[in-house]
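> Can you make the complete structure from the sequences, with help from the hints?
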Amino acid sequence: MDLLLNPEINFCSCGCETRIIKHGLNSQKSGKKRYQYWIECLDDSCGNKGGTEAQSWKAILNWNSSEHSDFPDYVEIPFLSFIGLSKEEIATKISALESELQTKANKSYKSGRPLPQKAYIELKAQLAWIDYAKIWFGNHFNCTESFANKKPNKPQKNSGDKSTPQTN
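Residue numbers (numbering that gives the first Met the number 0): 0 to 167.
Hints are supplied without guarantee of correctness; some may be wrong.
[What the hints assert, rightly or not] In silico SDA-like pairs for lysine to any residue, Cα to Cα no more than 20 Å straight-line: (1) LYS86 to TYR73; (2) LYS21 to TRP37; (3) LYS21 to GLY50; (4) LYS21 to ASN5; (5) LYS86 to ASN138; (6) LYS21 to GLN54; (7) LYS32 to HIS22.
[What the hints assert, rightly or not] Okay, the calculated beta carbon distance ranges per label pair: (8) LYS103 to LEU2: 14 to 24 Å; (9) GLY111 to LEU41: 45 to 55 Å; (10) GLY46 to THR102: 35 to 45 Å; (11) ALA118 to GLY14: 30 to 40 Å; (12) ASN105 to SER80: 19 to 29 Å; (13) ASN5 to PRO115: 14 to 24 Å; (14) ASN25 to LYS109: 35 to 45 Å.
What the hints contain is simulated information worked out from the structure, not anything from laboratory work. These figures come from a predicted structure and were not determined experimentally. Heads up, the beta-carbon is just placed ideally off N, CA and C, and yes, glycines get one too.
Pasting the structure below:
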């Protein structure tokens, strides 16, 4: 499966492995089954747990970006490579790609023509990966690099966006 929507889960900051939890809920309105996902440390005495999300990839990227995550020395971004780049080149590459993705999201929103569902989900995932890359960068280089957009990337709601559960 594509790494974009199926990222690897980082270890817990305590050093233990983690797991994804999938919890089914019945919708009161439609009666359809919806799912919530979160990440937990396998060490019950640790108790570290990520926030709940409607998609598994969001839960994983939010965990990987959190203080509970043990950041790897190298992060593999599915559409971006940092191999052989300096700190400054990595920061420039992250900022440029973030700007490009934000422009794409804003163009779609302002035009009144929403992206197709698949393209919209991919754009949301790419922006979430950029957020993770920025947090990894700060942790890896032990700095608080000033990126143009300090807030997490949240594209505008697509009128056709329905929280479709991801299956693992």
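> Could you run down the list of hints and mark each one as holding or not?
Comparing the hints with the structure gives:
Taking the CA atoms of LYS86 and TYR73, the gap is about 13 Å. The hint holds against a cut of 20 Å. Under the criterion of a C-alpha separation no larger than 20 Å, the hint pairing LYS21 with TRP37 is consistent with the structure, at around 7 Å. This hinted pair checks out: LYS21 and GLY50 have alpha carbons roughly 12 Å apart, not beyond 20 Å. A distance of roughly 14 Å separates the Cα atoms of LYS21 and ASN5; the hinted pair therefore holds under the 20 Å criterion.
For a cut-off of 20 Å, the pair hint linking LYS86 to ASN138 stands: about 12 Å separates their Cα positions. With a C-alpha separation of about 10 Å, the suggested pair LYS21 and GLN54 falls inside the 20 Å cut-off, and the hint holds. Using a Cα cut-off of 20 Å, the hinted pair LYS32 and HIS22 holds, with the two alpha carbons roughly 10 Å apart. The hinted window of 14 to 24 Å between LYS103 and LEU2 holds, with their beta carbons roughly 20 Å apart.
Between GLY111 and LEU41 the C-beta distance comes to about 47 Å, which sits within the given range of 45 to 55 Å. The hint said 35 to 45 Å for the Cβ distance between GLY46 and THR102, and at roughly 41 Å that hint holds. In this structure the supplied range 30 to 40 Å holds for ALA118 paired with GLY14, their Cβ-Cβ distance being about 39 Å. Between ASN105 and SER80 the C-beta distance comes to about 26 Å, which sits within the given range of 19 to 29 Å.
For the hinted restraint 14 to 24 Å between ASN5 and PRO115, the CB-CB distance of approximately 20 Å keeps it satisfied. For the pair ASN25 and LYS109, the beta carbons lie near 37 Å from each other, so the given range of 35 to 45 Å is met.
Of the numbered hints stated above, none is contradicted by the structure.
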